[in-house]
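Trainee: Please build the complex by placing chain P on the supplied structure of chain E, with the hints as guidance.
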Amino acid sequence: MRTSLLKVILLRLWSAIPVLFGVLVVTFVLIRALPGDPAIHYATSPNAGPEEIEQIRRQFGLDRSVIEQFVIYLRELFRGNFGNSMVTGQTVLSDFATRLPATIELAMMAFFFAIVLSLPAGIMAAIWRNSWFDQLCRVVSSVAAAMPVFFFGLLLVYVFYFKLGVASEPIGRWPSMIIPPAPITGFATIDTLMTGDWELFRMAVAKMIMPAASMAIFAIAPLLRMMRGSMIDALDSDYVLAARAFGLSRIRVILRYALPNAMLPVLATMGMVLSTMLGANIMIEKLFSWPGIGAYAVNSLIAVDYAPVQAFVLIVASLFVAMTLVIDILSAAVDPRYKLKR
Amino acid sequence: MISIANIRFILRRNFVTGIAAVLIVVLMIVALIGPYVVPHDPLTTNLREVLRPPSSAFWFGTDHLGRDIFSRVIVAARLDFAIAIVAVSLSAAVGVSIGAFCGYVGGRIDRAMSRIVDVMMAFPLFVAAMALVAVFGNSVESIVLATAIINLPFYFRLMRAEINARREAGYVEAAIINGNNTRQVIFQFLIPNSMPPVVVQISLNLGWAILNTAGLAFIGLGVAPPTPEWGIMIQEGAAMMVSGQWWVVVFPGLALVLAVFCFSLLGDGIRDIMDPRRRS
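Chains as they are written, first to last, in my numbering: chain E, 1 to 342; chain P, 1001 to 1280.
FYI, nobody ran anything at the bench for these hints, they're computed from the structure. There could be a bad hint or two in this list.
Label-pair restraints from in silico Cβ distances [stated by the list, open to error]: (1) D63(E) to R1108(P): 30 to 36 Å; (2) P1196(P) to S249(E): 40 to 46 Å; (3) R256(E) to N1164(P): 34 to 40 Å.
Covered stretches of chain P, going by a simulated chain E footprint (3 or more residues, C-beta under 8 Å) [stated by the list, open to error]: (4) 1202–1214; (5) 1218–1227; (6) 1244–1253.
Ideal Cβ placement from N, Cα and C applies to all residues, glycine included.
Pulled out of the complex, with its shape left as it was, chain E reads as follows (with noise of 0.2 Å):
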């Protein structure tokens, strides 16, 4: 078993590499492309003279052939230069590290809020075939499916903040009379956690409900859908009914045999849902005045400040290579083919 599955492990990392070389130059590609002159995107302010654009030139050996450039530019990323915002005349790199923190932690209360509803959910709806529930949950996956994650946000907005009045603010990521505490980790629930302030963190929590259950709204559909349907391949499975003839409780049954087997296709399509998220994040983040790397983004690329923008392509983009080569290892750890071959 252990030898397989280094094997698989290996063999997933080495078939990664070819994509995440692929990344690379596509983001050096995009600095190119990008209107406007790539030596500004490293300038320290938008009126850098003429002497500062000539040396990063010469720094970036923009006058020497591309495929130079090229091992220049993995040069500078390998040392951490993303280039200089212009908006925010810090570097891009303590830019992200000051940001990423809120995105993470957004992102992972919108995916457990997803998993927490739609895994029970396609389950129970895969045992109960044909029943209401198993109809309703059909119904609010097709409706999720179609749903703007910005639009649910807002209704979420108008019912909880405006209507029932029991949301918080939804904008930013503390309530505007609070001073935010000093980042440790930067992760404010992490933070408050640390310093043991309860409100804080009961605030901060709250700040977080609206944006991560509008972001969780698109993942609902897929992981719903995908749970029923191979929970509903496994109770069908010759596996299961010989489980059943053996005399064991149904819930072991479902517990012990069908679930297992039914997590492997659900784990590839959560891969799938997380890049998504990437994508979702930006609206949101947008919309709740959410102080993350999407919103920067997004506000670097409105305001022609394009060093940040191909920063984040490259991020998200090694970031979802990253989660997918997980999400493969994972399965191949789970599947329970590998065991069997010892």
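Mentor: Relative to chain E, chain P alone:
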């Protein structure tokens, strides 16, 4: 061939799909004739009728500039559908051709193309669209092109797999023996026989393309105000959701949901009709 009775049989068994198809036809007609029949000009502002709730004069109410939301929702349908249809046709035509060629010929070109497509798939769709719009410039044409490019991989992979499964089929051999060249074999025999899954993909894709366009417009890319477009209208109304003027956002939002919903129902329906095994 499909007869009237055949269609009736299919429709009776697929009631929901039928309704979705009818609704799409209705939406298309609205998109075509809408601009000529709307009660108000979609661009005329009227500062005496600002943020009126829905009434007999303004069916969907008015926005913060006193524009009639009903007229704007109707007129917007044309632009949103046009962008989606042009982009998806472009994507399907190019993706199917390249995919079919690579699937049939194989070899080095096929491997190279597959690698390129792998890289394209490494970018989340919305992020890729955003980056492409940045490159092409902030315009409607860019949205069309960006939407076409980000959907290419789906058609490429679909067609490549379909052709791969069929290249050894009897009718292909017969076509070759009859003296057809590679291009004829691909375009006259293989592609027509592999079209059903592509049709499903196109229907689903039209819905996504509309969502994508509205999403980009919502974050300020592509279509620009004051053009009536569903995503922009939702963006403009976002601030009013906090103060309770729900109609500014809800009506364009519902139009968007309805359009996307119909296309995805139709796509699922066509898939079920053509392949009973994959019925969900």
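Trainee: Hints first: check each against the structure and report whether it holds.
Mentor: Against the structure, the hints:
At roughly 34 Å, the beta-carbon separation of D63(E) and R1108(P) lies within the given 30 to 36 Å, and the hint holds. At roughly 44 Å, the beta-carbon separation of P1196(P) and S249(E) lies within the given 40 to 46 Å, and the hint holds. Checked against the given bound of 34 to 40 Å, the beta carbons of R256(E) and N1164(P), roughly 38 Å apart, stay inside it. With 3 residues having a beta carbon nearer than 8 Å to a beta carbon of chain E, the stretch 1202–1214 of chain P meets the requirement of three or more and the stated coverage holds.
For the stretch 1218–1227 of chain P, the stated coverage by chain E holds: 4 residues have a C-beta nearer than 8 Å to a C-beta of that chain, and at least 3 were required. Closer than 8 Å: that is the beta-carbon criterion, and the stretch 1244–1253 of chain P has 5 residues meeting it against chain E, so the requirement of 3 holds.
Figure legend: structure checked against the earlier numbered hints; every hint is met.
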